[in-house]
Amino acid sequence: MERDDLIVNDSYALNATHTEEEGKKIRKKLYNVTILLTVITIIEVFMGVAFKRNGTFAWETIKLGFIVLTAVKAAYIVLVFMHLGDERKNLKYVVLLPYALFIMYLIFIGLYEGLAVQEMNNVWR
Amino acid sequence: MAGHTQQLSKDDLWGGNSSPFGVTYGKMMMWYFLVSDALTFGGLLTAYGVIRHSSSDPWPVGEQVFEALPFIHGSYPLMYVALMTFILIISSVTMVLAVEAGHRKDKTGVIKWLGYTIIGGFFFLGSQAWEWSHFIHGSGGGFQLATPMTVTAEMESGEKVQMNLPAGSWVHMEAEFGHAYEHAMEGGHAAPAEHAEHGGHGEHAAPAAEEHHVNIADLKPAKLILNKYTLEHKDGKDLRKLSVSGEDCEKLWAAQAEGTMAFGANLHKNEYAVQQQYSNFFFFVTGFHGFHVFSGVVINIIVWLMAIGGEFERRGHYETIEKIGLYWHFVDLVWVFVFTFFYLV
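Those protein sequences? They're chains A and B, same order as listed.
Using this note's numbering, the letters of the first sequence correspond one by one to residues 353 to 477.
Using this note's numbering, the letters of the second sequence correspond one by one to residues 701 to 1045.
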């Protein structure tokens, strides 16, 4: 039976094959991303060990720095390793936008409510 | 990479003659599954954030809790978990190389790189088993204070500092003493002090082996530790791991709040924090992630055997490698966030 879901003329289609030349280019990109992810991890660990947690503005900035570095790592994993960056635009947005929308709301409402509970605890302790 | 840059008209995309997403059904469903799984993990990590933000008590600090390495003594903050992260990133790279080899229909390449990925997965699982074991056994244990007190403690630099400890503060034991005490509580057949009233009928009195007989009431620490898992830097002073000895040590030891003694962590007690949710979340989130890694390794092995058997040569394409690759990268992706929120922040 002929399959109707076979995608042609796309870089990750079933019938798409990479030549040795293309493979070399792709591998070079992958190695570069590997080095980048490793370096970011080393920086994160260094930051975690080196900086003092004393509840000051500086530490809050470092914390934000961790989250930014994590987001960068996540973006490289999703866009390059999972090659979502090479998929068609509509698939990319169907995956990313609903997730981003839900999770940002969840984080906002969760942390906001959590802090409100803490305030109550401090008052009624 | 060809294809993806071409502009397609809406009619071509949504006209019904082809897949608008340009991917096969299986790959699309893998993406949908990963979105829903990502929401599960997102929910768990957000729940962790809610509990942490709603807590007024100090939360344990990753680099103080996770500072051990197998086979070596000493303090190596975050080194072990950094190694685990590195192992998982490298296994993600070998997986993407397997996918790339698949696109060149390079059977031996696929088998080689997928094999390395499986090895990396086993290394990660083994590391996590050690990590859990260390977390469960703890390093010395501790107890909470029944009454507030003021003690003189010594900083690592040797400087003395006055500490005001509210009731409920954690005081920790040194590893060697703590393990001996835990052993005495569990196996040294002398009745522990708090059970003396109803344990004195003689049935607990006979020790199994004479050399293990330790009277728990005789065990007294020479030194206790303050701020073991909570980092404190105040007024430029490093108030981590303060040691208390002498008279103040005896005072602290006598001020134990009953039933607060904890060694390591389980689902009822933990030595790391006032909040039991701390260890519960650690067990649940890293355990759930570890289970994903485990199922990923199993799936990888199955597909690896299929590749060796030449199944994908017969099919004419290696898309299965790509699909399981998506799952494996997702597992790595989750770990990146677990690493940040459980260990770093």
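A hint or two may mislead.
The calculated lysine-lysine pairs, modelled on DSS-like cross-linking and capped at a C-alpha distance of 30 Å, are [claimed, not checked]: (1) A:Lys404 x B:Lys812; (2) B:Lys812 x A:Lys415; (3) B:Lys812 x B:Lys860; (4) A:Lys415 x B:Lys934; (5) A:Lys377 x A:Lys444; (6) A:Lys381 x B:Lys805; (7) B:Lys934 x B:Lys923; (8) A:Lys444 x A:Lys415; (9) B:Lys1023 x A:Lys444; (10) B:Lys807 x A:Lys380; (11) B:Lys937 x B:Lys951; (12) A:Lys377 x B:Lys923; (13) B:Lys923 x A:Lys404; (14) A:Lys404 x B:Lys969; (15) B:Lys951 x B:Lys941; (16) B:Lys805 x B:Lys860; (17) B:Lys920 x B:Lys860; (18) B:Lys969 x A:Lys441; (19) A:Lys404 x B:Lys937; (20) B:Lys969 x B:Lys710; (21) B:Lys812 x B:Lys1023; (22) B:Lys807 x A:Lys381; (23) B:Lys1023 x A:Lys381; (24) B:Lys805 x A:Lys444; (25) B:Lys951 x B:Lys969; (26) B:Lys951 x B:Lys934; (27) A:Lys380 x B:Lys805; (28) A:Lys404 x A:Lys444.
Treat the hints as calculated values from the structure; they're not laboratory data.
Since the model is a prediction, treat every value here as computed from it, not as a measurement.
Evaluation of the provided hints:
1. A:Lys404 x B:Lys812: This hinted pair is violated, its Cα atoms lying about 44 Å apart.
2. B:Lys812 x A:Lys415: 39 Å, violated
3. B:Lys812 x B:Lys860: The hint is violated at about 59 Å.
4. A:Lys415 x B:Lys934: 18 Å, holds
5. A:Lys377 x A:Lys444: 23 Å, holds
6. A:Lys381 x B:Lys805: 20 Å, holds
7. B:Lys934 x B:Lys923: With Cα atoms ~23 Å apart, Lys934 of chain B and Lys923 of chain B stay inside 30 Å; holds.
8. A:Lys444 x A:Lys415: Status holds; Cα separation ~29 Å.
9. B:Lys1023 x A:Lys444: 16 Å, holds
10. B:Lys807 x A:Lys380: Holds: Lys807 of chain B and Lys380 of chain A sit about 20 Å apart, inside 30 Å.
11. B:Lys937 x B:Lys951: 25 Å, holds
12. A:Lys377 x B:Lys923: 61 Å, violated
13. B:Lys923 x A:Lys404: Cα-Cα ~26 Å, so holds.
14. A:Lys404 x B:Lys969: 28 Å, holds
15. B:Lys951 x B:Lys941: Between Lys951 of chain B and Lys941 of chain B the Cα gap is close to 18 Å, so the pair holds against 30 Å.
16. B:Lys805 x B:Lys860: 69 Å, violated
17. B:Lys920 x B:Lys860: Distance of about 23 Å is within 30 Å: holds.
18. B:Lys969 x A:Lys441: At roughly 49 Å apart (the allowed maximum being 30 Å), Lys441 of chain A and Lys969 of chain B break the hint.
19. A:Lys404 x B:Lys937: 11 Å, holds
20. B:Lys969 x B:Lys710: Distance of about 59 Å is beyond 30 Å: violated.
21. B:Lys812 x B:Lys1023: Within the cut-off at roughly 18 Å; holds.
22. B:Lys807 x A:Lys381: Holds, at roughly 22 Å.
23. B:Lys1023 x A:Lys381: 20 Å, holds
24. B:Lys805 x A:Lys444: This hinted pair holds, its Cα atoms lying about 26 Å apart.
25. B:Lys951 x B:Lys969: Between Lys951 of chain B and Lys969 of chain B the Cα gap is close to 24 Å, so the pair holds against 30 Å.
26. B:Lys951 x B:Lys934: Given that 30 Å is the threshold and the Cα spacing comes to 25 Å, the pair holds.
27. A:Lys380 x B:Lys805: This hinted pair holds, its Cα atoms lying about 19 Å apart.
28. A:Lys404 x A:Lys444: 39 Å, violated
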